[in-house]
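Number of protein chains: 2
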Amino acid sequence: MDVQIITIGDEILIGQIIDTNSAWIGQLLNKHGFRISKIVTVGDGEQEIFSAIESGMNQSDLVLLTGGLGPTKDDITKKVIANYFDVEMEFSEETWEKISKFFKHIGRTTTPAHREQCYMPANVNLLYNKMGTAPGMWFEKDNKVLISMPGVPYEMKYIMEHQVLPKIKEKFRTTPIAHRTIRTAGIGESRIAERVQSIEANLPDFIKLAFLPSLGHVRLRLTGMHESEEELNLILDKKVKEIEAEISDIIYASEDISLEEVVNKRLIEKGLTISTAESCTGGYIAHRLTSVTGSSAYFKGSVIAYANEIKMEQLNVNEETLEKHGAVSEATVTEMVKGCLKRMQTDIAIATSGIMGPTGGTPNKPVGTIWIAIGNKEEIKTLKLQLGKHRLKNIEYTANMALNLLFKFLIDRKNP
Amino acid sequence: MDVQIITIGDEILIGQIIDTNSAWIGQLLNKHGFRISKIVTVGDGEQEIFSAIESGMNQSDLVLLTGGLGPTKDDITKKVIANYFDVEMEFSEETWEKISKFFKHIGRTTTPAHREQCYMPANVNLLYNKMGTAPGMWFEKDNKVLISMPGVPYEMKYIMEHQVLPKIKEKFRTTPIAHRTIRTAGIGESRIAERVQSIEANLPDFIKLAFLPSLGHVRLRLTGMHESEEELNLILDKKVKEIEAEISDIIYASEDISLEEVVNKRLIEKGLTISTAESCTGGYIAHRLTSVTGSSAYFKGSVIAYANEIKMEQLNVNEETLEKHGAVSEATVTEMVKGCLKRMQTDIAIATSGIMGPTGGTPNKPVGTIWIAIGNKEEIKTLKLQLGKHRLKNIEYTANMALNLLFKFLIDRKNP
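So the protein sequences, as listed, match chains A and B.
For the first sequence, the working numbering assigns the number 1 to the initial residue and increments by one for each residue that follows.
For the second sequence, the working numbering assigns the number 1 to the initial residue and increments by one for each residue that follows.
One or more of the hints may lead you astray.
Said to hold, decoys possible - Here are the simulated BS3-like cross-link-like pairs (lysine-lysine), alpha carbons at most 30 Å apart as the crow flies:
{"#": "1", "chain 1": "A", "residue 1": "Lys171", "chain 2": "A", "residue 2": "Lys78"}
{"#": "2", "chain 1": "B", "residue 1": "Lys393", "chain 2": "A", "residue 2": "Lys101"}
{"#": "3", "chain 1": "A", "residue 1": "Lys31", "chain 2": "B", "residue 2": "Lys389"}
{"#": "4", "chain 1": "A", "residue 1": "Lys393", "chain 2": "B", "residue 2": "Lys31"}
{"#": "5", "chain 1": "B", "residue 1": "Lys144", "chain 2": "B", "residue 2": "Lys78"}
Just so you know, these hints were derived from the structure itself, not from any lab.
Nothing here was measured: the structure is a model prediction, and the numbers come from that model.
Turn these sequences into a full structure, and let the hints guide you.
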């Protein structure tokens with residue numbers, strides 16, 4: 001059973017956008033035991049798409065196409081597919097109804113291009129797309145499957161998770177597969193690998209351990225494939241316990257959920273409220289906290305204090321503190337936490353201040369110098385980071401570290 | 001003249017890392033008039049690499065390989081290349097000297113794996129790598145070229161810019177290529193397509209128009225290839241003007257820069273300061289504004305007012321307004337702007353309030369009901385959105401619309 005991904009778009013070939021869809025699909029399918037042998041990107045030309053589909057279908061059992069399904073002229077994928085299967089294009093009433101309904105709902109009228117969009121190759125099986133107007137399409141020939149999806153990431157992701165995955169599991173699945181994910185923060189991949197070395201060396205053949213690093217985070221994923229699902233689950237659970245015992249100090253979850261979701265759970269359990277006082281992260285920590293459904297139960301608000309005057313006026317940071325220690329200092333973030341607790345009347349507050357770059361550093365405080373503080377009325381913890389010069393990377397990393405500090409603060413509390 | 005990129009690595013197929021090398025190469029080559037017809041990613045297996053090289057060399061004049069040149073066991077690219085050209089592996093004294101010197105310099109000793117690394121296919125032309133120990137490799141056969149480079153981005157980039165680009169420019173004569181990008185916000189791809197229909201229909205054969213949509217945004221890209229660069233640029237500029245005249249109301253930039261960068265420029269030009277008062281976007285607009293280098297020149301801070309009490313206490317929203325109209329109302333966001341202007345002492349303020357979902361709606365105000373306001377002391381503009389139930393999508397879309405409203409507000413101002 002072999003899978004190939006074909007991504008369509010001139011904009012990828014000329015480097016205007018980076019193909020993140022394939023990586024996402026790769027992760028998802030790999031997790032469910034499907035092996036991707038090749039990723040191919042071609043332009044919007046008819047001939048290019050045709051021969052990519054042709055050789056993909058010759059080489060693999062399943063071909064996943066993304067891109068080229070929008071309503072405009074440069075999207076000719078559907079016609080090429082009809083051509084490849086040697087079928088006519090037919091009008092899909094189902095799709096037309098859906099599009100009409102959607103546009104009525106948002107109070108707009110449809111255009112001829114939208115009607116055009118409803119013509120599909122006659123042999124199609126539609127895959128419902130909750131997130132947009134272009135449905136996914138499933139085709140079969142000689143027991144092989146071709147699937148075409150829009151290139152818009154959240155539409156593609158919805159169709160993959162809710163439509164494609166269950167259907168291909170039914171059609172192609174053989175050996176049971178299972179995973180366990182352990183989420184860690186704070187130390188790098190190679191150091192974690194060292195600490196779990198002996199556990200990894202003693203894994204049975206049918207279990208693999210993968211390290212999936214992102215900024216400041218590493219996910220450890222155990223993947224097993226075995227005829228007996230029961231036995232597989234027993235062994236996986238045992239191995240998770242062994243790893244947990246070895247690196248308990250850096251684990252924030254033994255399931256595949258994000259740090260903000262973990263923090264969300266803990267804050268609700270403990271009935272605590274939180275606010276943020278952000279300088280260098282410019283609201284990004286608040287955004288991360290409020291990305292989780294239900295966050296209004298504990299998140300009350302923030303003061304984003306980019307300018308020093310806002311730090312003084314809105315967060316009661318002392319002028320002398322700023323003069324003596326600077327805005328990027330332990331003293332300033334500590335006062336920011338205190339000011340924020342008072343102003344926002346929450347149980348916990350987080351503060352950040354730093355130089356995110358690419359410019360703005362000094363010899364004493366180079367670009368990438370960042371202070372984080374977190375605390376309540378009784379206690380304030382601080383952390384200094386020394387990062388690189390990449391602005392967005394620094395913002396992301398700082399938010400990850402701040403959320404991890406919050407997580408540790410929440411599990412450390414004897415009295416919530 | 002046709003180029004193909006082949007990226008080698010299991011870690012890309014399983015989505016552990018995203019292939020950013022290909023996009024970078026695509027941008028560089030496209031800028032210099034080379035057309036990339038295909039990007040292929042394959043795993044670390046000998047057979048996979050061999051057939052990717054074989055079909056790449058059959059289809060294209062130039063094949064660029066990245067990855068698979070490190071000192072570890074799974075890097076077998078060089079042997080496959082020797083195999084493909086049917087030549088022996090030979091020890092490269094030049095490379096060995098360089099590696100020995102480098103390790104002496106950093107005070108370490110070499111390992112047998114480093115000597116192993118110096119065996120190269122006999123028909124190689126080495127491409128100097130200033131950034132690392134593995135050189136790039138140039139091979140020719142039947143007037144076609146195969147180039148192999150390490151996958152480490154800064155090493156690959158050095159070799160591409162300083163070695164590959166000058167050499168391929170010398171070897172392959174290319175047709176000049178040029179692009180123009182127009183960025184729009186506010187209306188969908190199919191509606192824009194309709195409005196520029198006649199312009200698109202009258203484009204010469206050598207110019208293509210592509211629509212690249214994202215949430216609330218569409219980029220229009222004109223790509224042309226022509227023997228005369230001068231003529232090409234003249235026609236492209238003329239076509240851009242035609243499009244601009246047709247859809248001036250939705251264009252925010254006639255170059256490829258983001259809305260926040262455009263807004264950044266305008267605010268700096270006009271010497272205006274800005275703050276945000278965010279409820280439903282939870283700091284995300286502030287994050288977008290502060291993602292741009294130099295934003296501290298105009299962005300002073302924000303009040304994120306998730307809880308109603310914060311709206312009242314920090315932004316002076318009247319209790320009666322909240323009771324009568326609700327937190328998600330035109331009246332509330334208008335008061336939030338006023339309160340924010342006063343509190344943050346900025347020239348302009350943006351406010352948002354809405355129900356982001358997936359739950360929390362009422363019959364009168366279903367999930368996806370969002371109000372945005374933007375204004376200064378003289379004037380406040382408001383906008384109502386009616387979106388879907390996808391929380392992150394709603395946050396992203398609302399921020400895009402708010403930034404677009406800010407852009408329009410800035411160009412509407414008679415007196416800055």
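Check: Which numbered hints turn out to be false for this structure?
Finding: The structure conflicts with no hint, since it agrees with every one listed earlier.
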